[in-house]
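**Student:** What follows is each chain in one-letter form.
Number of protein chains: 2
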Amino acid sequence: MSQPVMLLLLLPLLLTMGDSKMLIERHSRPSPEAYHRHREQFVQKETNLALGADIQLTANETLVNEYLMSLKRAELAEGFADPYQFVPARHFFQVLDKINASPLYQLIRRMPKGGVLHAHDTALAGTEVIVQLTYEQHLWQRGTFNGWNGPEFLFSRNAPAGAGWELVRDVRERTGADQYDDAVRHLFTLYDEDPLNTYKSINDVWSRFTAMFFSFQPIVTYRPAWEIYFREALRQFYEDNVMYLEFRGVLPTLYDLDDKTYTPEEVVEMYINVTEQFKATHPQFAGTKFIYAPLRNADNQTADQYLTIAERLHLQYGSYVVGFDLVGQEDLGRPLVEFADMLLTLPPTINFVFHAGETNWHGMQTDENLIDAILLGTKRIGHGYALQKHPLLLDEVRRRRICVEINPVSNQVLKLVADYRNHPASVLFTTDFPLVISSDDPSFWRATPLSHDFYIAFLGIASAHQDLRLLKKLALNSLHYSLMADGEKEAAIAQFERSWSDFIELTVEQIQAAQNR
Amino acid sequence: MSQPVMLLLLLPLLLTMGDSKMLIERHSRPSPEAYHRHREQFVQKETNLALGADIQLTANETLVNEYLMSLKRAELAEGFADPYQFVPARHFFQVLDKINASPLYQLIRRMPKGGVLHAHDTALAGTEVIVQLTYEQHLWQRGTFNGWNGPEFLFSRNAPAGAGWELVRDVRERTGADQYDDAVRHLFTLYDEDPLNTYKSINDVWSRFTAMFFSFQPIVTYRPAWEIYFREALRQFYEDNVMYLEFRGVLPTLYDLDDKTYTPEEVVEMYINVTEQFKATHPQFAGTKFIYAPLRNADNQTADQYLTIAERLHLQYGSYVVGFDLVGQEDLGRPLVEFADMLLTLPPTINFVFHAGETNWHGMQTDENLIDAILLGTKRIGHGYALQKHPLLLDEVRRRRICVEINPVSNQVLKLVADYRNHPASVLFTTDFPLVISSDDPSFWRATPLSHDFYIAFLGIASAHQDLRLLKKLALNSLHYSLMADGEKEAAIAQFERSWSDFIELTVEQIQAAQNR
Numbered sequence: 001m002s003q004p005v006m007l008l009l010l011l012p013l014l015l016t017m018g019d020s021k022m023l024i025e026r027h028s029r030p031s032p033e034a035y036h037r038h039r040e041q042f043v044q045k046e047t048n049l050a051l052g053a054d055i056q057l058t059a060n061e062t063l064v065n066e067y068l069m070s071l072k073r074a075e076l077a078e079g080f081a082d083p084y085q086f087v088p089a090r091h092f093f094q095v096l097d098k099i100n101a102s103p104l105y106q107l108i109r110r111m112p113k114g115g116v117l118h119a120h121d122t123a124l125a126g127t128e129v130i131v132q133l134t135y136e137q138h139l140w141q142r143g144t145f146n147g148w149n150g151p152e153f154l155f156s157r158n159a160p161a162g163a164g165w166e167l168v169r170d171v172r173e174r175t176g177a178d179q180y181d182d183a184v185r186h187l188f189t190l191y192d193e194d195p196l197n198t199y200k201s202i203n204d205v206w207s208r209f210t211a212m213f214f215s216f217q218p219i220v221t222y223r224p225a226w227e228i229y230f231r232e233a234l235r236q237f238y239e240d241n242v243m244y245l246e247f248r249g250v251l252p253t254l255y256d257l258d259d260k261t262y263t264p265e266e267v268v269e270m271y272i273n274v275t276e277q278f279k280a281t282h283p284q285f286a287g288t289k290f291i292y293a294p295l296r297n298a299d300n301q302t303a304d305q306y307l308t309i310a311e312r313l314h315l316q317y318g319s320y321v322v323g324f325d326l327v328g329q330e331d332l333g334r335p336l337v338e339f340a341d342m343l344l345t346l347p348p349t350i351n352f353v354f355h356a357g358e359t360n361w362h363g364m365q366t367d368e369n370l371i372d373a374i375l376l377g378t379k380r381i382g383h384g385y386a387l388q389k390h391p392l393l394l395d396e397v398r399r400r401r402i403c404v405e406i407n408p409v410s411n412q413v414l415k416l417v418a419d420y421r422n423h424p425a426s427v428l429f430t431t432d433f434p435l436v437i438s439s440d441d442p443s444f445w446r447a448t449p450l451s452h453d454f455y456i457a458f459l460g461i462a463s464a465h466q467d468l469r470l471l472k473k474l475a476l477n478s479l480h481y482s483l484m485a486d487g488e489k490e491a492a493i494a495q496f497e498r499s500w501s502d503f504i505e506l507t508v509e510q511i512q513a514a515q516n517r
Numbered sequence: 001m002s003q004p005v006m007l008l009l010l011l012p013l014l015l016t017m018g019d020s021k022m023l024i025e026r027h028s029r030p031s032p033e034a035y036h037r038h039r040e041q042f043v044q045k046e047t048n049l050a051l052g053a054d055i056q057l058t059a060n061e062t063l064v065n066e067y068l069m070s071l072k073r074a075e076l077a078e079g080f081a082d083p084y085q086f087v088p089a090r091h092f093f094q095v096l097d098k099i100n101a102s103p104l105y106q107l108i109r110r111m112p113k114g115g116v117l118h119a120h121d122t123a124l125a126g127t128e129v130i131v132q133l134t135y136e137q138h139l140w141q142r143g144t145f146n147g148w149n150g151p152e153f154l155f156s157r158n159a160p161a162g163a164g165w166e167l168v169r170d171v172r173e174r175t176g177a178d179q180y181d182d183a184v185r186h187l188f189t190l191y192d193e194d195p196l197n198t199y200k201s202i203n204d205v206w207s208r209f210t211a212m213f214f215s216f217q218p219i220v221t222y223r224p225a226w227e228i229y230f231r232e233a234l235r236q237f238y239e240d241n242v243m244y245l246e247f248r249g250v251l252p253t254l255y256d257l258d259d260k261t262y263t264p265e266e267v268v269e270m271y272i273n274v275t276e277q278f279k280a281t282h283p284q285f286a287g288t289k290f291i292y293a294p295l296r297n298a299d300n301q302t303a304d305q306y307l308t309i310a311e312r313l314h315l316q317y318g319s320y321v322v323g324f325d326l327v328g329q330e331d332l333g334r335p336l337v338e339f340a341d342m343l344l345t346l347p348p349t350i351n352f353v354f355h356a357g358e359t360n361w362h363g364m365q366t367d368e369n370l371i372d373a374i375l376l377g378t379k380r381i382g383h384g385y386a387l388q389k390h391p392l393l394l395d396e397v398r399r400r401r402i403c404v405e406i407n408p409v410s411n412q413v414l415k416l417v418a419d420y421r422n423h424p425a426s427v428l429f430t431t432d433f434p435l436v437i438s439s440d441d442p443s444f445w446r447a448t449p450l451s452h453d454f455y456i457a458f459l460g461i462a463s464a465h466q467d468l469r470l471l472k473k474l475a476l477n478s479l480h481y482s483l484m485a486d487g488e489k490e491a492a493i494a495q496f497e498r499s500w501s502d503f504i505e506l507t508v509e510q511i512q513a514a515q516n517r
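As given, the protein sequences belong to chains H and Y, one line each in that order. Take 1 as the starting number for the first sequence in full-length UniProt numbering and just add one per residue. Take 1 as the starting number for the second sequence in full-length UniProt numbering and just add one per residue.
The shape of chain H in the complex, shown without the other chains (with noise of 0.2 Å):
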């Protein structure tokens, strides 16, 4: 060795000598006995933290509980020796039947999960309800189907004016039945084989989203298919093992063949009406509420028509449309920030429910509509993607818990993200923030009401030791941060307590069935 590297050597301890604190930090390491019982504090701490953690399991609850982890292990332990087959690492239409032959998918499903708080008035209901609805009489087409738009759509008595219009009943004779069906399903879904390459950007997958509506609006709008779609939508919910839903809409125009057309008043009392009738025949369904969502995408003289409406709604369905928000894609639309102003002469009675951040984005408008969200008095967050990105907006929300609206598989279907292990609400779950699992527009990803959203968040976003605790949370959280009365809301958590108990009571017999065979 040579004389100025030896020189050298001994700096660091001289250097040492002059600094008591480090000279303590750097003269001692603890005995492996400390050490672990150390790390075996930090691991419990950091446990006790986790959402869902102040969730007390009964004896019953905690068999189903091994059961459930069981499965979950078994696909962890799958995708950590290959992460090719860890289904949240790969795009939701790549998987989906791998999905939904996970016993860990359809435990979940069984599941009573409490309330959808994020969801968009056309993309309830599956396709198949729209495939139905195609059989309906008097409905007209022209155009085809190749192409993103598709054909145009048109309910009518006679043909519609213009030239090329069919009866959608001829060209499903001379296409073939299933054909046609298929052409229909394809359409109205952005389900694709190859999602990766068909959408290369968040731009192109919400211009094919958005051409999608240009023909499926004047499907779902005739009158009478609405009313169907709706309760279709209902039934499904139902069926996921949902009993509550509170949904943004546009509150569209209706028609029907009499040329009447229908004002967002009758359109909503239609929703009252529908909900009140499934309740009556499905009594554990805590029933619907709405949130007057039109598109951010307007004009000051459309946003200052759409605030006249939100008023007129508040005062005389204050306690069905409890909320205002905007929609649309928040990159190319308006800032919030533009129409502060004129939120800000809403009556304070009005509740904002504001998409937010549903964006990758950075220190741009998209992500800076969090302030204003928040500035204004939001009560929740739609998405809240970006929230991380702004540690003050970060605390407020905590501090005011605002909830904020997770859609996993809207986000990755959306390209907001690829593999759900990076999803932003994966650190969200590490303490008790104030959010729900929703599912935005499940309809148009093939994905179940929110059995999908559940089980993505459970495997690929939540911990590995995250168990049904954070599954009983995160549906007691739906109905918690619902925007239904207090006393709605009581009864609504006594109803889901009760569900509850008849899932984990037939899911102990089922174990123990199982398990005696």
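Since the hints were made in silico from the structure, they are not lab data. All C-beta atoms in this analysis are idealised placements derived from N, C-alpha and C, irrespective of residue type, glycine included. Hints may contain errors.
[Said to hold, decoys possible] Straight-line C-alpha distance at most 20 Å; calculated EDC-like pairs for lysine to aspartate or glutamate:
#1 Y:K379 - Y:D395
#2 Y:K279 - Y:E78
#3 H:K45 - H:E33
#4 H:K279 - H:E78
#5 H:K200 - Y:E193
#6 Y:K200 - H:D194
#7 H:K200 - Y:E78
#8 H:K279 - H:E311
#9 H:K200 - Y:D192
#10 Y:K279 - Y:D82
#11 Y:K379 - Y:D341
#12 H:K379 - H:E311
#13 H:K45 - H:E396
#14 H:K260 - H:E232
#15 H:K279 - H:D432
#16 H:K279 - H:E232
#17 H:K200 - Y:D54
#18 H:K45 - Y:D395
#19 Y:K200 - H:E497
#20 H:K379 - H:E490
#21 H:K260 - H:E239
#22 H:K98 - H:E33
#23 Y:K200 - H:E78
#24 Y:K260 - Y:D341
#25 Y:K45 - H:D395
#26 Y:K45 - H:E396
#27 Y:K200 - H:D192
#28 Y:K379 - Y:D486
#29 Y:K200 - H:D82
#30 H:K200 - Y:D194
#31 Y:K279 - Y:E136
#32 Y:K260 - Y:E227
#33 H:K45 - Y:E396
[To be verified] Incomplete in silico selection of chain H near chain Y, CB under 10 Å:
#34 E46
#35 G79
#36 P83
#37 R157
#38 A159
#39 K200
#40 N203
Start from chain H and add chain Y according to the hints.
**Tutor:** For chain Y alone, kept in the frame of chain H given last:
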């Protein structure tokens, strides 16, 4: 409106009246003036919090900053309009030419960037250096360039034992030098034109990554080659405006034509000598230091040998061999906790500088390596990609100012993240978090020693608002969090300030010259 609906409508008002706090919150909205003033204050507070916000710019720096931000904003605007054109949203291999042509990248390349604190011994110098090394006399090969492993190489005066060996000189002559050199270039980087399909998972890309070493190792571990390689690496780092290198290495056994093998001590001596020679001709270069980092996939006996070497090197070269680490794909290697008892026996003056949490698993052994790294007292964390999934650890890291070494391009190429805007460092950049940007294995992905990572971090990870102050802060952090002794550190920072001033002056001249043209 039905009667029950009418009654429900009154509920929120009735409920509100019982809660005076809610009454206040719900029954007033701020005036537009108050709102915008409040918003402005909030934005200012957020801005002041960000990484680099404590840096004060001189008048000349402000000029350079304006130019820098005009380049950044142009790329952001292009990307916001069409996200598929936004470089950080794409795979590095697909946009490498576009980056190299970017004026923003070119400016960052010219900028003094401080030191590299996270890089590995055999991935420092660009592939052209390897191509040149295959021109050295006495290099033999057997096997072909087909497949991921490539041929076996060996330097030897005579044909090595076994069948099938040929002199590289002869193979090159037969296949044509251009084609041969291209095959070498292809073999020794992960570069691929269709990276998303070629590497389907983290295990895929790591197995290719590991395979590379088998061919690669016997070329560079030839003693004369090792020295050339290291010298060339220093030259390339210097040309990239990196002034200091603190690198990890396995200290492989070197060999020469006379069957002599070289001890770890001799390899360290070589590093020291080459560095001293380089500094003599490049006085602005602050030097190199070494972190001994053998493979984590080791049984206890092997690990024990590593620790013995670590102790020996610490005693003999304590000011040059400044730390200990364990390397290799974390998911597949043994977790740190299994080494804890052994590691605790090391003298407390040996710094730990552990890789930990280079994973997107959550609650698995890999991300929990972070617990052990931090409880074992690591001085810095290599990657820490999963750190935010452990908020208690994150607090501890902040409190103890444990520096996290972020390697953006590495994390994408090695399949942790697809879109850089989702990189967890994006959140860390919003506060004065102890972090540095580094490059890990730049030559394996055809990256420059540090400029590509700086560019990606600045454009794709940082906020759109973050500017020259962030870049200067990152450079200063890289010296501040190095394991140089205090005196060395002060000298390095003083030298950095001089180089920085020169860069600013020169850039101002260039800007003014361009304006006058």
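**Student:** Taking only the CA atoms, is the gap from K379 (chain H) to E311 (chain H) under or equal to 20 Å?
**Tutor:** Roughly 17 Å separates the two Cα atoms, so the pair holds.
**Student:** Are the Cα positions of K279 (chain Y) and E136 (chain Y) separated by 20 Å at most?
**Tutor:** Violated. K279 (chain Y) to E136 (chain Y) sits at ~26 Å, over the 20 Å cutoff.
**Student:** Restraint: N203 (chain H) near chain Y, CB-CB cut 10 Å. Satisfied or not?
**Tutor:** Holds, because the Cβ-Cβ distance from N203 (chain H) to chain Y comes to roughly 6 Å (cut-off 10 Å).
**Student:** Hinted pair, alpha-carbon criterion (20 Å max): K98 (chain H), E33 (chain H). Please report holds or violated.
**Tutor:** 45 Å, violated
**Student:** For the pair supplied as a hint, K279 (chain Y) and E78 (chain Y), is the alpha-carbon distance within the 20 Å limit?
**Tutor:** 42 Å, violated
**Student:** Is the Cα-Cα distance between K45 (chain H) and E396 (chain H) 20 Å or less?
**Tutor:** 24 Å, violated
**Student:** Could you grab the alpha-carbon distance between K279 (chain H) and E311 (chain H) and see if it respects the 20 Å cut-off?
**Tutor:** Violated: K279 (chain H) and E311 (chain H) sit about 27 Å apart, past 20 Å.
**Student:** Does D395 (chain H) lie within 20 Å of K45 (chain Y) when you go C-alpha to C-alpha?
**Tutor:** 13 Å, holds
**Student:** Please work out if K279 (chain H) and E232 (chain H) have their alpha carbons no farther apart than 20 Å.
**Tutor:** Holds, because 13 Å separates the two Cα atoms, which is no more than 20 Å.
**Student:** Given the hinted pair K200 (chain H) and E193 (chain Y), is their alpha-carbon gap at most 20 Å?
**Tutor:** 16 Å, holds
**Student:** Is K200 (chain Y) within 20 Å of D194 (chain H), Cα to Cα?
**Tutor:** 14 Å, holds
**Student:** Hold the hint about P83 (chain H) up to the distance rule: shortest CB distance to chain Y must be less than 10 Å.
**Tutor:** 4 Å, holds
Of the numbered hints listed earlier, those contradicted by the structure are 2, 4, 8, 10, 13, 14, 15, 17, 19, 21, 22, 24, 31, 37, 38.
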